[in-house]
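A.B. asks: Letter by letter, the chains look like this.
There are 4 protein chains.
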Amino acid sequence: MTIAKMTVPELEKFLRAEFPQAFSGNDILIEEADGASCRLRQRYSEQMLRPGGTVSGPTLMALADFAMYVVLLSAIGPVGLAVTTNLNINFLRKGVPGHDVLAAARILKLGKRLAVGEVSLMSAASPEVIAHVTATYSIPVADGFQR
Amino acid sequence: MTIAKMTVPELEKFLRAEFPQAFSGNDILIEEADGASCRLRQRYSEQMLRPGGTVSGPTLMALADFAMYVVLLSAIGPVGLAVTTNLNINFLRKGVPGHDVLAAARILKLGKRLAVGEVSLMSAASPEVIAHVTATYSIPVADGFQR
Amino acid sequence: MTIAKMTVPELEKFLRAEFPQAFSGNDILIEEADGASCRLRQRYSEQMLRPGGTVSGPTLMALADFAMYVVLLSAIGPVGLAVTTNLNINFLRKGVPGHDVLAAARILKLGKRLAVGEVSLMSAASPEVIAHVTATYSIPVADGFQR
Amino acid sequence: MTIAKMTVPELEKFLRAEFPQAFSGNDILIEEADGASCRLRQRYSEQMLRPGGTVSGPTLMALADFAMYVVLLSAIGPVGLAVTTNLNINFLRKGVPGHDVLAAARILKLGKRLAVGEVSLMSAASPEVIAHVTATYSIPVADGFQR
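Chains as they are written, first to last, in numbering that gives the first Met the number 0: chain A, 0 to 146; chain B, 0 to 146; chain C, 0 to 146; chain D, 0 to 146.
Next up, chain A with everything else stripped away, as it sits in the complex:
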C-alpha cells in the first residue's frame, strides 16, 4: 500500500515556501493527498474565464501541472527540483462559470527518474470531466540533476 511521504499541512508549508507564485494565496486548496493520488480545489475567480464564459485553457493547464507536482511530492517527499518534461491536455467540455475547479490527479508510474500521472479537471458544479491531462515529471537524482 502506498504511504504518503508528506501530510497535507507539510505539503502546504513546503509549497508556500518553494512555490509562492503558484501557492501563495488562498485560491488553491489541497483537499487530499495520499502518496498515489491527490485532489485540489481552485476557488472560482473571474480571472479564470475567457470569452464566452468558459474556464480558460491556461487556468486548467496550470492547475493540472500543479496537481501533478503535489501528488508527486506526496509520493516522494520534499523535492524542489522536479520539473515537468511533457504535458498533454485534451479539452473536453466548457467549465461552469461561477464555480470552483477541481483537479483529481493520480500517479500512473513512479520510476527512479520519471513519474507519469493523469489529471482529471472538473467543475465543482458537475461530475463531468472538463479536461484530461497526462504529464511526465523528471525527478532529480542524487548525483546531480540532468534532464
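One thing to keep in mind: the hints can contain errors.
Which copy is meant is left open, because identical chains are indistinguishable; a pair holds if it fits in one copy or across any two.
[Claimed, not checked] Computed list of lysine-lysine pairs in DSSO-like fashion (alpha-carbon distance at most 27 Å, straight line):
(1) LYS111 x LYS12
(2) LYS12 x LYS108
(3) LYS111 x LYS93
(4) LYS93 x LYS108
(5) LYS12 x LYS93
(6) LYS108 x LYS4
Worth flagging that the hints you see were computed from the coordinates, not collected in a lab.
Since chain A is already given, all that's left is putting chains B, C and D on it; use the hints.
C.D. replies: Structure of chains B, C and D alone, referenced to chain A:
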C-alpha cells in the same frame, strides 16, 4: 501562397476586444503574422518565473496556446469561437531569467473543422528552443459550433 | 445510461469486412463493448516483441488505436470513416513476454465531431498498466467528411 | 557542429543485429543520418493501407518511432536499450496509396537522460506532411538503466 486574412493591427484590435484577459496590456506583442505563421514576444516580468529562476510551465503553455490562436486568426479571419481541443508540450531547456520569451507558431494543417500547428518557444537571449508545442484548434462551422 | 449501438458479434462482423488488416485473423478478441468502454485481448505472438523481450511500442500503439475505434463504433454504430486525429502514448513498464496484451478503452467525451478516449494497456499476467494512451477520433458528418 | 557517431552503414549493421523485427528486410531505407537529423524511406506495400486506401496510423507511428531511434543512435552511438517514453502524433492528411512513405526526424533536445525529437511523415508523391510526431526517448545511464 498564403495570404493573411487579418493584418497585425487588425489582430491586435480584435484580440483587445475579444480576449482582454490574454491581450489587455502591453506584455504580449505580435511581431508578425502572415496567414501561415506568426511570431509573438512576451515581455519579461518576474511573474513568469518559478523557483530556480526558470520560466514557468504555465507561462509557456499560455503563450503557446495564444500564439496558435493568433496564427489561426491570421489564416481564417476573425472567428471568436475557435477553441483548443488538444495541446501537447515538451519542456526542453530552462528559460533565461531577465529576458523576453518568443513564440514562433506555424500551421501544419488547416482543415475545415480542425487546425493543427506547432509552436517553438525561445528566450530572446538564445536561439535554442525552450519548449515545443503542438496544438489542435476546433473551428466553428456555419451551422453552429459543435466540438 | 449508455446503450451500445452494436453488439460484440455485430462489431466483429463489421470489422472483419471493413478492417481486414487489423481484424482478419484470430489474434485480437473483443471481450466486451458497452457503448462507453470496451476491452480487447491480443493473443501473444513473438512478432509483438522487440529486443530485450519487451512488447514493442508499435504493437501497443496499434492495439490502443484499434481499441479506441471499437469503443467508438460501440457508441455511435457502424461508421466506416472515423479517423484518428491525435494519439498520445506514455510507455510506463515493460510488457511480459509470453502473455496476451489487454486493452481497456473508455470514452471521455463523445461530441458530434470529435470523440476523445483513453486506453490502458496491460499484460494478461499483471494488473499493472504497461502503457497509457489518449486519442481523438474525428467523426464524419452527414454532409461529407472534412477533417 | 553536430557529428554523427555512426555512419549509415554502421547504423544498418547495428539495427539488423539488434532490431530484426523493425529492420530485417528491405522495406525501410536509411537515406541519411547526420547526428542531428535523419531521413528514412519505407517502401510502399499494400500492408500499409487501411480501408479507403489511406496509409494506416500504426504504419506511420511505427515508422516515426523507428526514425526517432535512428537519429538518436546517430547522435549518441550504438545504445541498444534506449526506449520510447512518450509519443504524440497528429494525423494531418491522407497518405498517397502506391507511394513510399518518408520520415524526416530531427532532435530537439539531447540530454543526458532524455532525448526529444520531432518527425514529419510525408508521401514520396507530395511534399505535404501526412502526420507530425514528437517523441521522447529515455537514454540508459552507465550505472544501470532506470526509466
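A.B. asks: Of all the hints given earlier, name the ones this structure violates by number, lowest first.
C.D. replies: none
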